[in-house]
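These protein sequences, in sequence, are chains U and V.
Quick note, the first sequence lines up with residues 1 to 479 if you use this note's numbering.
Quick note, the second sequence lines up with residues 1 to 111 if you use this note's numbering.
In case anyone wonders, no lab produced these hints; they're calculated from the structure.
Built from N, CA and C at the ideal position, the CB exists for glycine as well.
Relax, there's no trap hidden among the hints.
According to the in silico footprint, chain U covers these stretches of chain V (three or more CB under 8 angstroms from chain U):
| # | stretch |
| --- | --- |
| 1 | 5-17 |
| 2 | 33-41 |
| 3 | 78-88 |
The calculated DSSO-like cross-link candidates involving lysine-lysine, where the alpha carbons are at most 27 angstroms apart (straight line), are:
| # | chain 1 | residue 1 | chain 2 | residue 2 |
| --- | --- | --- | --- | --- |
| 4 | V | Lys92 | U | Lys92 |
| 5 | U | Lys318 | V | Lys107 |
| 6 | V | Lys107 | U | Lys447 |
| 7 | U | Lys267 | V | Lys107 |
| 8 | V | Lys107 | V | Lys20 |
Each chain is listed here by its residues.
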Amino acid sequence: MSNITIAWIALPFFLGFVIYLLPKLDRYLALSVALVSAGYASQLFVTQSPLTLKLLDNFGVTLAIDQLSGYFILTNALVTTAVILYCWQTDKTAFFYTQTIILHGSVNAAFVCADFISLYVALEVISIAAFLLIAYPRTDRSIWVALRYLFVSNVAMLFYLVGAVLVYQADHSFSFAGLRVAPPEALALIFLGLLTKGGIFVSGLWLPLTHSESETPVSAMLSGVVVKAAVYPLVRCALMVNEVDPIVRTFGVGTALLGVFYAVFEKDTKRMLAFHTVSQLGFILAAPSVGGFYALTHGLVKSALFLIAGVLPSRNFKELQHQAIATPIWIALVIASFSISGFPLLSGFGAKVLTTKNLLPWQAIAMNVAALGTAISFAKFIFLPHGGTADVRPAFWAAVSLLIGGLILANVVYYDAYTVENIIKPLATIGIGWLAYFLVFKHSVFKLPRVLERFEHLIGVMSLILILLFWKGFVWLGI
Amino acid sequence: MLEACIFATILCGFFGIIFKKNLVMKIISMDVMSTGVIAYYVLVASRDGFFTPIVSNAKNGAYADPVPQAVILTAIVIGFSIQALMLVGVMKLARDNPTLESDEIEKNNTP
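So here's chain V without its partners, still in its complex pose:
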């Protein structure tokens, strides 16, 4: 069930990138998609249990797998920096194309 919701999120983001006309909306759709991907990593990590694997005196429980979480941290940072970079690019484009319609920008800037 949870898996289906996550895939629905990924697909929503993907179709948003295709169907939304505004460039900022496209970037937000991409963020929705990457949120879905991150959630999927968390889901895979929690297959065996939810406990955080930290050394302590507490008794052993069903621990979550630390590897996918550690890995997805990199992807979160990368995704966030790419988003920042893209928004700066869009800001520059917005000076000459205030509506930010991707079709218009594409028509003006393709040789």
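With the rest of the complex left out, here is chain U:
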């Protein structure tokens, strides 16, 4: 088993370079890597027992693989498969597939590691691969967006490195468990890095512009899996070290509300989806013990929505309301929107119920408000006019049906959710949300300012979050 794991981690990097040497085989090799990951993840669900690897003595690389990472790896595998299928008939070069697969491999590496340094390496490789993917069109705008992304994430990771050495000083190892004995400033610095990288709370406001301005398949990858690479260690830390659990939960609630607040007022489809990613990451963090299933659901649904938003005739909701979209596309859009709002028979329902069950009492109200905001913002998609025509490639349907099929299949994971009480609550939330949409939000012309998304403010906000984290660390650790 441990040999298989190591081979599986190395495979994407090896094949990534092989793709560049054999450009004719690019999509087949890329697809096979994603399928191998899917196989590996499903095998994790079968064996059940967690696997811990320790390479090179006690300060070397530690890997911890259990069902939680299984969920994240499965998300990554499915989303990558869908993205490669989506790009099948386009004239993307071998370079694109190489970067996609290296991104896939480094995200996988982030999902299995259990020490701060291998996490650092994985996150930095993600930054580089994501930079190259965002800048792939080579226009001025894409280069600027990619540069901004790399800048913000690299500064955050420098803070993270200082935190990592403080953990080493206290515990003489880099493992996540060392966070328990580390001083609060180590906690603050590491969390600042991870929160910024994962697009959480105010320091994560780089995310909307980056995700909305990149190409459709790249946005699907970024929103579907890449942000989760930084969310997974937060969840893992919260599970391993009980003291940080309240901090992670607080940030989850804050993010869920912030993201949904922006999403409700947003008039652009892709930006709305990007803000929504911010809010859904909050849901994952709000209940760390069940975050894996929520991440799977969100990854599938968000990449499907991004792929669909890419074939809509316009990005502006005002224009879309006067232009009928093709019925099959509309149906796919509605299924995905229903899933994310928590409608029964789709896995979003199970995930929402499971998360709600694991919330602490003080979180419940805020998370219900966030769920209501989700219903409001997705009413914008559901009530678009349909009946028009559009010609999309068959590859688009292959990708979207894979993701939506995954949503329906994942529904069986938590079938205990189907009680009358559980079904009524999401339906009521959706109903109230739609009512609010028709009465208030459909006609609102209120536009939120973008001041916080400017580059210098993104870096500046990091220092504010650092102060906040210091204060929290001191209070909760009781030092």
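Chain U is already provided as a structure; the job is to place chain V on it using the hints.
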């Protein structure tokens, strides 16, 4: 004392990223910051002593801790490659924005 100097370096770099207007200057500030971080790793490694831990016939001394140094080597390589990548990006941007003022570039390229 040394620790305070290192943190001052990190903060200088951080504020440089915020306050410098030119994109190349921002990247150099980021490099200053990462130099500070690397220096901090070296400082942590040398807490117990300065001797390089190499197998030889010399008598045992106060050895430096090899782990943080080994680890920071990765970070140096990554930092350097990111820097190279960023400078290439800036070079491409410089064709259309010769001044490289980050405010101007941001204004031209935000929808």
